[in-house]
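K.L.:
Those protein sequence lines, which keep their order, are chains C and G. Note that the working numbering has the first sequence beginning at 75, numbered continuously upward. Note that the working numbering has the second sequence beginning at 27, numbered continuously upward.
Keep in mind that a hint or two might mislead.
[What the hints assert, rightly or not] Pair by pair, the computed Cβ-Cβ distance ranges are:
1. G:M82 x C:T263: 30 to 38 Å
2. G:L68 x C:G233: 39 to 47 Å
3. G:D108 x C:V285: 53 to 61 Å
4. G:D30 x C:A207: 55 to 63 Å
5. G:L244 x C:I158: 50 to 58 Å
No lab work stands behind these hints, which were simulated from the structure alone. Note that the Cβ used here is the ideal one computed from N, Cα and C, for glycine as well.
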Amino acid sequence: MGDVVGWLDDYFWAAMVVVRVFAASLVMATLLGLIGSAAKLSKIRIANGIANAYTVVFRGTPEMLVLLIIYFGSAITLTTIAQIFDPEIKFVDIPPFWAGALAIALVVGSYMTETFRGAFLGVDPGQVEAARALGLSNFQTFIYVRTPQMWRLALPNFGNHMLSLMKDTALISVIGLEEIVFVAEMATTVTLKPFTMYFIVALIYLAISTVITLTVAGLEKYANRHLESGR
Amino acid sequence: MSFDIALVFDSIPKMLEGIGLTLELLFLSTSIGLILAVITLLMRISGRRFLAWPAMAYIYVFRGTPILVQIFVIYYGLPQFDLIRESIFWAILREPFGCMVVALSLNAGAYVSEILRGGLLGVDRGLHEAGKALGMSTPQRFIYITTPIAVRLAIPAYSNDFISMLKATALASTVTLLDMTGVARTIVAKTFAPYEIFIAAAMIYMVMTWFIQRGFGLFERRMSRYVKP
């Protein structure tokens, strides 16, 4: 255990990086899911087509590949652009934090699109008609009537997507983000105790996913509170 | 920088050299995973605590941690113990391929057992009672009534998991294996054309995903042939 103690604060700060990348990615993924599902349900053909292509592509490609495409692709593009202005520049990249958060958000967002679409379809059509009768615009109906009711139905699946998003953050160590897998790699080269070091990583992830599971259970209870009181 | 379409198509044949390893990983680990899943499921529904608790702990740990971390614990971590290095398992765990199969199988086992349990819970109780009324024994009811219906109910979720497993095989490239993603990464290191090569690889994965979806779609239709007119 003596080997571990010296690395504990590294693990702590790296765990904070995981939490930050998770939060950034979750916001992006949720927005992508909302936009994607709205596009899929809209009557505009082009929007339908784009949203369908988005879900087919990102649900069929490994997260790892998406990450590599976003990171190395953007690096080569940015480097080329930078070299137009200054030929001395060798390498420019998006910080691994944002490249990773975006890549994971794109993949999980495509799953969320499907979840939200299903949940939107589960909202009673009468509610939408009532909103229309009250003179709400399409946009107002979407924000004030459909989304709050869709939310309750989407929560269980949304929780699962949150968990897989959190676990996907481990991949970002591959492009050099200094999160807990990265710390374990460093600690291993010094202490020569790979099992201990990676086991701590597993424990940290287990702790984070337990917190997420409990939070989602709480949220579900909150979202369904009007159903319980009726009984 | 320009996007070289020709390079996309030139690299596809090279990439297909890695497809064998990807498919091997996929089929080995889904088969072993399925066996593990059934064992875990039987342990969970056995109603005996000393069987159910280890099963639940196994599911909790393997669903709560990233596959990448599981692979690293097994590949980099286990050789820390002399006990492992002297055991008969060392022949498997010495190779990155063996470690990858072990990690993916254990992961699949945890997820699939939950999927199968979902299917089991969806089976109508009335059918069970009907079987009882017909004088079928408990094992008979489980084999002839519960299992076929549970399998049908579990297919959509299982096909999703199968696709996740395909995507997880891409992690093999992190432990030096030359699966499709591994081959793509070596080509990128040589040509430095990440867009063309990685997009070509992504296209192959998408085709494979499509085939898996079609395959399970057909299987599901066959299993539900008595449900729909």
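K.L.:
Now tell me, hint by hint, if it's right for this structure.
P.N.:
Now for the hints, and whether the structure bears them out:
Remark: the range hint 30 to 38 Å for M82 of chain G to T263 of chain C is upheld by a beta-carbon distance near 36 Å. For L68 of chain G paired with G233 of chain C, a C-beta distance near 27 Å fails the hint of 39 to 47 Å. Here the CB-CB span from D108 of chain G to V285 of chain C is close to 36 Å, at odds with the stated 53 to 61 Å. A beta carbon spacing of about 57 Å between D30 of chain G and A207 of chain C agrees with the range 55 to 63 Å that was offered as a hint.
Restraint check, L244 of chain G to I158 of chain C: a C-beta distance of roughly 52 Å satisfies the suggested window 50 to 58 Å.
The structure is inconsistent with the numbered hints 2, 3, although it conforms to all the rest.
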